[in-house]
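2 protein chains.
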Amino acid sequence: MVLIDCLQYANWSEKIFRQMRAGGVDAVHVTIAYHETFRETVLNIETWNRWFAQFPDLIFHGAWASDVALARETGRTAIFFGFQNPSPIEDDIGLVEVLHKLGARFMQLSYNNQSLLATGCYEAEDPGLTRMGRQVIKEMNRVGMVVDMSHSADRSTMEAADLSERPIAITHANPYDWHPALRNKRAEVIRAVVQNGGMMGFSLYPHHLKDGSACRLADFCAMVARMAETHGVDHFGIGSDLCQDQPDSVVHWMRTGRWTKETDFGEGSADTPGFPPMPAWFQDNRDFGTIAGDLKEVGFSANEVAKLMGGNWLRFFEQGFVPQS
Amino acid sequence: MVLIDCLQYANWSEKIFRQMRAGGVDAVHVTIAYHETFRETVLNIETWNRWFAQFPDLIFHGAWASDVALARETGRTAIFFGFQNPSPIEDDIGLVEVLHKLGARFMQLSYNNQSLLATGCYEAEDPGLTRMGRQVIKEMNRVGMVVDMSHSADRSTMEAADLSERPIAITHANPYDWHPALRNKRAEVIRAVVQNGGMMGFSLYPHHLKDGSACRLADFCAMVARMAETHGVDHFGIGSDLCQDQPDSVVHWMRTGRWTKETDFGEGSADTPGFPPMPAWFQDNRDFGTIAGDLKEVGFSANEVAKLMGGNWLRFFEQGFVPQS
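So the sequence lines, in the order shown, correspond to chains H and C. In this text, residue positions in the first sequence follow my numbering: the first is 19, and each later residue adds one. In this text, residue positions in the second sequence follow my numbering: the first is 19, and each later residue adds one.
Heads up, a few of these hints could be off.
If chains are identical, the list can't say which one is meant, so a pair holds when it fits in one copy or spans any two.
[Claimed, not checked] Restricting the straight-line Cα-Cα distance to at most 20 Å, the calculated cross-link-like pairs of lysine to any residue (SDA-like) are:
no., residue 1, residue 2
1, K314, R152
2, K279, D266
3, K156, D282
4, K279, E115
5, K279, V161
6, K279, A240
7, K33, R209
8, K33, D109
9, K314, A71
10, K279, Q153
11, K33, D229
12, K314, P198
13, K156, S319
14, K33, L76
15, K228, G292
16, K156, G41
17, K119, Y140
18, K279, A87
19, K156, G112
Since the hints were derived computationally from the structure, they do not count as laboratory data. All figures in this text were calculated on a predicted structure; none of them were measured in a lab.
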């Protein structure tokens, strides 16, 4: 069984890389930019390059879907780069190709707020894709960078799903009708994404879970089963949103960036401004097996569990990362 | 009579600075950024610093309204900096204060397209100010940087006029009901700006003029008279949008920046992609006297003409540029 987690943003360390190996995780899509400019993103790539040099037996930079097979053959984890915000391309469409060359494979068109490309899910209104957004989607399609709408607003997401010539992704979110958070996705949004061949990764971040940190794994798996019944099992995977070992200063950066001088608590509140504790059944990369086990218990076949735990993401990687010919 | 032009973007040269002196122009708000990043904007400031050093008898860097009086006393033209796009602050609210310190006194919240702050007048829909836009207006109010909505969409402009605690400006545009261009302003937009104490500068750029380059000065002055009757003479001035001596590559940059790989013709067209010829009666800085003369002929008093040609902008500079205490 291929095991792919399509979103993590941990405070990376040898410990975490060893946990990936212990958990048998073949590939992880890691966030390398929340609000970073192009130059700052390149610095983050340099940091990853140092980790790749330091831990060559544990991890390597994944560029293509075939690197997932390579990871399995060599007992390592392939690390794929992505952005949760288009800030790395700044206002420059030419940076899409440059950053794809540097390894970027996913880019969110917005992160909670309005971007130059699309509206974020925290804005009061969503007028859909901008003029630049339409141009950038075309360019992302051309070079093979996946449009990720995890933190975007509904109309922008549906327009992106329709406009994009290649399937798009919601790498980490859950259905709104299971847990009505601003970050979770309404049925029509999920439908638009999957109808166009897209993928959604289920999030294990407590603010996206029914009952938060106390969410029961059985409830999570029942939700997965319902989604697979409604939209087809081929369109779903995991995007855990694991932010392991991060200090709370990082969630402050994620929410506030440099756009306000006030404190924005995002999904948190003044009383609980920090990272929420992860559910007991998902503490780190060693816990994917537990989820796979419980997915079987709610009725998925072994083949379906394999799709959900990574097979679907692998197919999506195969379709999504290569330049258009 | 104080003479202030509240928008020019010429291909600056000794010739043009001498024409400013020949025309008796006391102050000009010059554009120093269309799509430039912070760093690129600083390079443009350095270029201006070299001009200030090279032509100290003709021009100097204007920082405060009192520099208009200094310009008159010393027979020079005060140059005030502004941006037609918020690109110089990138995604960083802290750059508002930094750029005010470097002399920036006007910043448009958007330039034709959606920005991080507000919608531009070429977007299909306008959801109003963004979350960041509301924060940045507050910060601009605090430090004394004027909100300029010349290239913004209607709803964003009206919301900015209402939200801003200090009067805002449309530095260069004309009424939409005189010449229905996307860049010209509907009556309710002008009303929102002036009701909040704001100013509008009439543009002499042919795409904003009835009959374009063939616009008659008498028609222009009649429009000014109608606007003064409707909204009060105290709220208007000149923002010529003079792009003297610019090669057509510059209008391509203004329209296309780095946001698309296609060519956007903006107010032009594939047949006429370049700068349009200016009207015969306004070729350069020596022609303001002609306009002042014809304003008298449509019935304005000498005092009213003085307000329109610079007195109103001077009052606005006095109110707008100093930090809030």
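Task: Copy assignment of K33 with L76, given that the CA separation must stay at most 20 Å - done: within (11 Å within a copy, 66 Å between copies)
Open item on the list: Within, between, both or neither: how does the pair K279, Q153 come out at a Cα-Cα threshold of 20 Å?
Closed with: between (31 Å within a copy, 8 Å between copies)
Open item on the list: Checking an output row: K156 and G112, CA cutoff 20 Å. Within, between, both or neither?
Closed with: within (12 Å within a copy, 33 Å between copies)
- [ ] Indicate which option fits the pair K279, A240 if close means a Cα-Cα distance not exceeding 20 Å: within, between, both or neither.
- [x] neither (42 Å within a copy, 46 Å between copies)
Open item on the list: As a check of your reading, is K314 near A71 (CA-CA no more than 20 Å) within one copy, between copies, both or neither?
Closed with: Neither way: K314 and A71 sit 38 Å apart in one copy and 76 Å across, limit 20 Å.
TODO: Have a look at K156 and S319 and pick one of within, between, both or neither, based on CA distance no larger than 20 Å.
DONE: neither (38 Å within a copy, 56 Å between copies)
Open item on the list: Please sort K279 with A87 into within, between, both or neither, judging by C-alpha distance up to 20 Å.
Closed with: Neither: 46 Å inside a chain and 36 Å across chains, both beyond 20 Å.
- [ ] Indicate which option fits the pair K279, E115 if close means a Cα-Cα distance not exceeding 20 Å: within, between, both or neither.
- [x] between (33 Å within a copy, 12 Å between copies)
TODO: Pop the pair K119 and Y140 into one bin, within, between, both or neither, using alpha-carbon distances up to 20 Å.
DONE: Classified as neither: same-chain Cα gap 31 Å, cross-chain 32 Å, threshold 20 Å.
TODO: Have a look at K314 and R152 and pick one of within, between, both or neither, based on CA distance no larger than 20 Å.
DONE: Result: close neither inside a copy nor across copies, 41 Å intra and 49 Å inter.
Task: Up to 20 Å CA-CA - R209 versus K33, copy category - done: The answer is neither: 38 Å in one copy and 62 Å across copies each exceed 20 Å.
- [ ] Go through the copies and call it for K228 and G292: within, between, both or neither, with a Cα cutoff of 20 Å.
- [x] within (19 Å within a copy, 58 Å between copies)
Checked against the numbered hints listed earlier, the structure breaks hints 1, 6, 7, 8, 9, 11, 12, 13, 16, 17, 18; every other hint is satisfied.
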